[in-house]
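Student: One-letter residues, chain by chain:
2 protein chains.
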Amino acid sequence: MMVRDAYDGMKDRDSKVVEFKHPKELEAMLDLGLNKETSDDSLLKICQDIIKYSVKTGHPRFFNQLYGGLDDYSLGGSWLTEVLNTSVYTFEVSPVFTVMEKTLLQKMLDLIGFTDGDAIFTPGGSLANMYALNVARYKRFPDVKKTGVYGLPKLCVLTSEKGHYSMKKGMAFLGIGLDNLVNVKADDKGKMDVQDLENKILQVQSEGKMPYLVNATAGTTVFGVYDPLDKIADICQKYGLWMHVDGAWGGSALLSKTYRGLLKGIDRADSMTWNPHKMMGAPLQSAAFLTRHKKLLPECHSANAAYLFQQDKFYDVSYDTGDKSIQCGRKNDCLKLWMMWKAKGDVGFEKDIDNLFECSRYLAKSVKNKEGFELVVEPECTNVCFWYIPVSMRNQPRDADWWQRLGKVAPKIKEKMTKDGTMLIGYQPDGERVNFFRMIISNLEIVKADMDFVISEIDRLGKDL
Amino acid sequence: MMVRDAYDGMKDRDSKVVEFKHPKELEAMLDLGLNKETSDDSLLKICQDIIKYSVKTGHPRFFNQLYGGLDDYSLGGSWLTEVLNTSVYTFEVSPVFTVMEKTLLQKMLDLIGFTDGDAIFTPGGSLANMYALNVARYKRFPDVKKTGVYGLPKLCVLTSEKGHYSMKKGMAFLGIGLDNLVNVKADDKGKMDVQDLENKILQVQSEGKMPYLVNATAGTTVFGVYDPLDKIADICQKYGLWMHVDGAWGGSALLSKTYRGLLKGIDRADSMTWNPHKMMGAPLQSAAFLTRHKKLLPECHSANAAYLFQQDKFYDVSYDTGDKSIQCGRKNDCLKLWMMWKAKGDVGFEKDIDNLFECSRYLAKSVKNKEGFELVVEPECTNVCFWYIPVSMRNQPRDADWWQRLGKVAPKIKEKMTKDGTMLIGYQPDGERVNFFRMIISNLEIVKADMDFVISEIDRLGKDL
Numbered sequence: 001m002m003v004r005d006a007y008d009g010m011k012d013r014d015s016k017v018v019e020f021k022h023p024k025e026l027e028a029m030l031d032l033g034l035n036k037e038t039s040d041d042s043l044l045k046i047c048q049d050i051i052k053y054s055v056k057t058g059h060p061r062f063f064n065q066l067y068g069g070l071d072d073y074s075l076g077g078s079w080l081t082e083v084l085n086t087s088v089y090t091f092e093v094s095p096v097f098t099v100m101e102k103t104l105l106q107k108m109l110d111l112i113g114f115t116d117g118d119a120i121f122t123p124g125g126s127l128a129n130m131y132a133l134n135v136a137r138y139k140r141f142p143d144v145k146k147t148g149v150y151g152l153p154k155l156c157v158l159t160s161e162k163g164h165y166s167m168k169k170g171m172a173f174l175g176i177g178l179d180n181l182v183n184v185k186a187d188d189k190g191k192m193d194v195q196d197l198e199n200k201i202l203q204v205q206s207e208g209k210m211p212y213l214v215n216a217t218a219g220t221t222v223f224g225v226y227d228p229l230d231k232i233a234d235i236c237q238k239y240g241l242w243m244h245v246d247g248a249w250g251g252s253a254l255l256s257k258t259y260r261g262l263l264k265g266i267d268r269a270d271s272m273t274w275n276p277h278k279m280m281g282a283p284l285q286s287a288a289f290l291t292r293h294k295k296l297l298p299e300c301h302s303a304n305a306a307y308l309f310q311q312d313k314f315y316d317v318s319y320d321t322g323d324k325s326i327q328c329g330r331k332n333d334c335l336k337l338w339m340m341w342k343a344k345g346d347v348g349f350e351k352d353i354d355n356l357f358e359c360s361r362y363l364a365k366s367v368k369n370k371e372g373f374e375l376v377v378e379p380e381c382t383n384v385c386f387w388y389i390p391v392s393m394r395n396q397p398r399d400a401d402w403w404q405r406l407g408k409v410a411p412k413i414k415e416k417m418t419k420d421g422t423m424l425i426g427y428q429p430d431g432e433r434v435n436f437f438r439m440i441i442s443n444l445e446i447v448k449a450d451m452d453f454v455i456s457e458i459d460r461l462g463k464d465l
Numbered sequence: 001m002m003v004r005d006a007y008d009g010m011k012d013r014d015s016k017v018v019e020f021k022h023p024k025e026l027e028a029m030l031d032l033g034l035n036k037e038t039s040d041d042s043l044l045k046i047c048q049d050i051i052k053y054s055v056k057t058g059h060p061r062f063f064n065q066l067y068g069g070l071d072d073y074s075l076g077g078s079w080l081t082e083v084l085n086t087s088v089y090t091f092e093v094s095p096v097f098t099v100m101e102k103t104l105l106q107k108m109l110d111l112i113g114f115t116d117g118d119a120i121f122t123p124g125g126s127l128a129n130m131y132a133l134n135v136a137r138y139k140r141f142p143d144v145k146k147t148g149v150y151g152l153p154k155l156c157v158l159t160s161e162k163g164h165y166s167m168k169k170g171m172a173f174l175g176i177g178l179d180n181l182v183n184v185k186a187d188d189k190g191k192m193d194v195q196d197l198e199n200k201i202l203q204v205q206s207e208g209k210m211p212y213l214v215n216a217t218a219g220t221t222v223f224g225v226y227d228p229l230d231k232i233a234d235i236c237q238k239y240g241l242w243m244h245v246d247g248a249w250g251g252s253a254l255l256s257k258t259y260r261g262l263l264k265g266i267d268r269a270d271s272m273t274w275n276p277h278k279m280m281g282a283p284l285q286s287a288a289f290l291t292r293h294k295k296l297l298p299e300c301h302s303a304n305a306a307y308l309f310q311q312d313k314f315y316d317v318s319y320d321t322g323d324k325s326i327q328c329g330r331k332n333d334c335l336k337l338w339m340m341w342k343a344k345g346d347v348g349f350e351k352d353i354d355n356l357f358e359c360s361r362y363l364a365k366s367v368k369n370k371e372g373f374e375l376v377v378e379p380e381c382t383n384v385c386f387w388y389i390p391v392s393m394r395n396q397p398r399d400a401d402w403w404q405r406l407g408k409v410a411p412k413i414k415e416k417m418t419k420d421g422t423m424l425i426g427y428q429p430d431g432e433r434v435n436f437f438r439m440i441i442s443n444l445e446i447v448k449a450d451m452d453f454v455i456s457e458i459d460r461l462g463k464d465l
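Chains A and B, in that order, are what the protein sequence lines are.
Per this note's numbering, the first sequence starts with residue 1, numbered consecutively.
Per this note's numbering, the second sequence starts with residue 1, numbered consecutively.
No lab work stands behind these hints, which were simulated from the structure alone.
Positions of the beta carbon are idealized from the N, C-alpha and C atoms, including for glycine.
Take these hints with a grain of salt, some might be off.
Ranges of calculated distance between the beta carbons of each label pair, as one might list FRET restraints [to be verified]:
no. : chain 1 : residue 1 : chain 2 : residue 2 : range
1   : A       : 146       : B       : 239       : 21 to 27 Å
2   : A       : 312       : B       : 146       : 43 to 49 Å
3   : A       : 304       : B       : 25        : 24 to 30 Å
4   : A       : 317       : B       : 240       : 39 to 45 Å
5   : A       : 146       : B       : 14        : 46 to 52 Å
6   : B       : 45        : A       : 317       : 28 to 34 Å
7   : B       : 208       : A       : 237       : 39 to 45 Å
8   : B       : 31        : A       : 371       : 50 to 56 Å
9   : B       : 362       : A       : 44        : 34 to 40 Å
Okay, the calculated bits of chain A under chain B, using three or more residues with CB under 8 Å as the criterion [unchecked claim]:
no. : segment
10  : 51 to 57
11  : 85 to 99
12  : 119 to 130
13  : 138 to 148
14  : 159 to 169
15  : 190 to 204
16  : 313 to 326
Under 10 Å between C-beta atoms, here's a sample of chain A residues computed to sit facing chain B [stated by the list, open to error]:
no. : residue
17  : 10
18  : 81
19  : 173
Given only the sequences and the hints, what does the whole structure look like? Please build it.
Tutor: Written out as structure tokens, the structure is:
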């Protein structure tokens, strides 16, 4: 019943997205301390508070992150996942989900064009990107697994300056180092500048470094831009570099005949990150690393633990997936996604994805037509980035001081919307662009009226600033 | 209702733990293909099959892995987790779970003795162990984050030959290399030989390598042995090495006044891995990396992404935890554990853990007293390792051929128990010891009668071999 309340609170547009309290207030209000045993009644009361003060990420007005929504099939799948509590490392203890993962990942591989490839679920896109850094390094220098990077030339990786920060985390974690991550310029739309990519490759080579991977992005984090994959594939081919595509966010466009062209050239990549917990609406966590190279994952990641991957089992142990992963125990991340897909079918999913893209185009148009709103870039994915200009700042010369003042508007509106709890939208600066809103359209239940609401609500909150 | 069936099937001792089918049979039987949309009725039927053919990890006769059981509070917590679908990176979108994690992790830190430390949930113990490899490396050589390991002396890590294989995966993934993982001998009980540890440190130093971390284990994977932490701490102190304790499995003994002495010296370690999804019975995934060093996690892992960790937010952003992690989106792994702990209290949890240890001692005694059973090592954690000797092999000279034949007994019994579905117990060889059963007592609902069942069932399945 309690869970039912939480569920209903998600779906009702008139309920609050957030009931904000400052950290210290919340700590004082919630009875979280662990010590004595607690009666069911008291626990239920605390749970009501937990629900009340949690942000409703499934609410149709939660536009804050690259995920959102709450699909009934998917929720059923994730509840069953919790009951069955399966660790997906061997067929022995995970028979159904081993073959289900295989089916699901093959479906994704086929959509990319990696028909004879291999794939695995990872706990999030950052780790999937790190898988790319690791398997590409291993492909080029198989000895690295044994010797480490000590004997290797100074590796480097090229990524767009608009790419995701997980590349930084990965370079540090994998022992290659942040200094060896080379930022490629983006053009004014936010797309990787392919000429600069080639220049940078030549430049680092002339410095004695060895580029080995290019990280292209399909749906950048802020602008939602798709890098020109076909042209990047040409460069990667020319210089013999591994081409990874971080499609954690924008990869789901592959489900749509109308929008999959945004990823033209993806079938020429070596690997891809794709998070169904983002645009496809599966609950966290559902993220996959997919590669065209069939035997690389187990070769690169295996440790052949005798206690787990016994070779004298009575079934076909080639089904055991554990040694493809850098994890040991691995949560079943496939059932919830499979449930949605099985229920909707390809056509249903396509409609959902198309709707998100159409809403973003509709919103971008509204932004362009509405006084006080200004689009930062034309949307490619379903991110809509815009400034809001309060009445007092309109029709003024846009000098440095004006921009500086504008940079304080988004945080102020964000504060007001959080306190009112009517919706949540993120903001950030980008390079020389001062703080602007990054509106994310990801909840599969969003309709155009929600876009109208965003416009009127921002106007309400901000016009008098 | 369907989920209810799955739940009931878990709890009933007379129901099957597994309804085994070979991989290809299962692929042929289950309608998993994704393409067309599916009616709710058909989907429900497929779900019944999914439940039927899934291994019941919550069943009281599932002894196969280092986890098991299904606690009602925890399940409630995980279902609510799925509804709220929170990503724990900022207080902004995860207010409740940010402060809940803080409370929960502080509780765990206090139990270890890292009162002023820091901690974070990770997707499994393997990644927590990798966190240790990374933060210890950063502590010693802060430049590694920028420069990679290129400019560093040849690092190496020492671990017991009985330690977990995630150390191997970590050494490869972090670019240090398997060759630089040094196995320390274990004594005949399976404990790290501290004299050999010191010898190996001196040896690798004389080879020009730089040991920087010792990985001790609290509850080894197969034997469940606790390394002598106090003595290892002495050595680490003497040579200035980071002491990590992999307590993924056996760390939960800290909850028991009777058994926490097994970890004597843990408060002198630099870091610890501890998986509540193992002995504490929280559903997958619940694993934590905990360290005594307060500011190390954010310093080592931060990337300061401007779009997510805005510094001009209106609340105290020191609460944002995302930059402590190598992930970006991070599943809420705390609520389910918090629910159990809040409901049971410390005393309730202690009783549960004590019961598991008592069952293991009871089983070990039965094994010693029962003809045809032979204990491999005396249990320390709740692993009970034993051989079963079929009637036809008893009272024979134990020559090489005899042992070789004995090595085939456990796989054969395992096949029979799997096909009968009455219980599941793992087996493996270890060094020169041929295949033996590794019985894991982890399900908090286990009682001594289940131990009696194990003895009689193995006897039934194996006596005529």
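Student: For each hint, tell me whether it holds in the structure or not.
Tutor: Quick rundown of the hints versus the structure:
1. A:146 / B:239: 21 to 27 Å: holds (25 Å)
2. A:312 / B:146: 43 to 49 Å: Distance hint for residue 312 (chain A), residue 146 (chain B) holds at roughly 47 Å.
3. A:304 / B:25: 24 to 30 Å: With a Cβ separation near 27 Å, residue 304 (chain A) and residue 25 (chain B) satisfy 24 to 30 Å, so the hint holds.
4. A:317 / B:240: 39 to 45 Å: holds (43 Å)
5. A:146 / B:14: 46 to 52 Å: The hint (46 to 52 Å, Cβ to Cβ) holds, given that residue 146 (chain A) and residue 14 (chain B) are roughly 50 Å apart.
6. B:45 / A:317: 28 to 34 Å: holds (30 Å)
7. B:208 / A:237: 39 to 45 Å: Distance hint for residue 208 (chain B), residue 237 (chain A) holds at roughly 41 Å.
8. B:31 / A:371: 50 to 56 Å: holds (55 Å)
9. B:362 / A:44: 34 to 40 Å: holds (36 Å)
10. 51 to 57: Contact hint for the segment 51 to 57 of chain A vs chain B: holds, 6 residues under 8 Å.
11. 85 to 99: The restraint on the segment 85 to 99 of chain A holds, since 12 of its residues have a Cβ under 8 Å from chain B and three suffice.
12. 119 to 130: That given contact holds, which follows from 6 residues of the segment 119 to 130 of chain A lying within Cβ reach (below 8 Å) of chain B.
13. 138 to 148: holds (count 5)
14. 159 to 169: Contact hint for the segment 159 to 169 of chain A vs chain B: holds, 5 residues under 8 Å.
15. 190 to 204: violated (count 0)
16. 313 to 326: Holds: 6 residues of the segment 313 to 326 of chain A have a Cβ under 8 Å from chain B.
17. 10: holds (7 Å)
18. 81: holds (8 Å)
19. 173: holds (5 Å)
In this structure, only the earlier hint numbered 15 is contradicted, and the remaining ones agree with it.
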